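Please build the complete structure, drawing on both the sequences and the hints.
FYI, the numbering used here numbers position 232 of the sequence shown as 232, with every residue one higher than the one before it.
No lab work stands behind these hints: they were computed from the structure.
What you are looking at is a predicted structure, and each value in this text was computed from that prediction instead of being measured.
Hints are supplied without guarantee of correctness; some may be wrong.
[To be verified] FRET-style restraints, in silico, Cβ to Cβ:
hint, residue 1, residue 2, range
1, Ala253, Thr160, 18 to 26 Å
2, Arg227, Ala207, 35 to 43 Å
3, Ala83, Asp217, 37 to 45 Å
4, Ala83, Glu127, 15 to 23 Å
5, Leu182, Glu68, 21 to 29 Å
6, Tyr213, Ala149, 19 to 27 Å
7, Leu96, Thr146, 30 to 38 Å
8, Leu71, Ser223, 24 to 32 Å
[As the list claims (entries may be wrong)] Using 30 Å as the maximum straight-line C-alpha spacing, the simulated BS3-like pairs for lysine-lysine come out as follows:
hint, residue 1, residue 2
9, Lys192, Lys231
10, Lys177, Lys192
11, Lys231, Lys177
Even glycine gets a Cβ: it sits at the ideal position worked out from N, Cα and C.
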Amino acid sequence: MPPGGDWGGPGGPPDDAEQARPPRTYVFICCAPHGRVGVSTTARLLSDYFLATRRGFLGFDADPHEPEYALRFPARVRNVDVAATQGQVAMIDRLLVPDGEAKIIDLWSRSYERFFPLIRDIGFVEEARSGNIEPVILFHADSTQTSPAAAYSLATALPTVETLLIYNEGAAPLGEKAQDRLALYPPHRRLKIGALDSLVGRTLQSADLSLSYFLIDPPADMSLVVRAGLKAWLMPVFAQFRAFEMRRALEEATWL
Numbered sequence: 001m002p003p004g005g006d007w008g009g010p011g012g013p014p015d016d017a018e019q020a021r022p023p024r025t026y027v028f029i030c031c032a033p034h035g036r037v038g039v040s041t042t043a044r045l046l047s048d049y050f051l052a053t054r055r056g057f058l059g060f061d062a063d064p065h066e067p068e069y070a071l072r073f074p075a076r077v078r079n080v081d082v083a084a085t086q087g088q089v090a091m092i093d094r095l096l097v098p099d100g101e102a103k104i105i106d107l108w109s110r111s112y113e114r115f116f117p118l119i120r121d122i123g124f125v126e127e128a129r130s131g132n133i134e135p136v137i138l139f140h141a142d143s144t145q146t147s148p149a150a151a152y153s154l155a156t157a158l159p160t161v162e163t164l165l166i167y168n169e170g171a172a173p174l175g176e177k178a179q180d181r182l183a184l185y186p187p188h189r190r191l192k193i194g195a196l197d198s199l200v201g202r203t204l205q206s207a208d209l210s211l212s213y214f215l216i217d218p219p220a221d222m223s224l225v226v227r228a229g230l231k232a233w234l235m236p237v238f239a240q241f242r243a244f245e246m247r248r249a250l251e252e253a254t255w256l
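See the structure below:
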């Protein structure tokens, strides 16, 4: 026992229920009501972030026609059709496994309107939290007039779920008045993914490029300039993911 019997509470060892509590598991829902705004890119970056930090993840690609995310991580990402009951069961049941391993959903824009009423109606958030599973929504901003309204609607439907507002400068540029446009959204914390030079961007599209392995051992045939540009783009994104994890850890700590 620590000196003075201090276990984070007065007098005794940790509560048995606290000891038996499963590890915190995050479910990251990468989404947008419109396509081509960088949702799959965010899912990819999150996945490579966990791999680069020597952790596993399980992903779900909800695009049954062009599953780009699933193709990049064939051993870790399942392709599901959330329009079908079988696809819903295959994904939802696995999301509720409290194993401490991050779950990442690349939500197809055409499944957006179906998915969130589904998880609300089945009580997914409440069931998840009973197993120490925490959903996090990564909502992607774009220049349409309907996007902020969709974000507010989602915040109203799921008020207890943290939402990060993702701004991908390359996939969905907002122009010179970007800050004014972002101010139209609910006051969510923001995560910015910078734009890429066209040459570096083409390199990123390569099916053989693993961003997690790139940081450890860049391809020998990659231009030094491209290598530097890709690293300069990638590291700030990973730093924002790390900052999110650190903030949540501090918020959830019962004692320091």
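Self-check item: Numbers of the earlier hints that this structure fails to satisfy, in rising order
Solution: 2, 6
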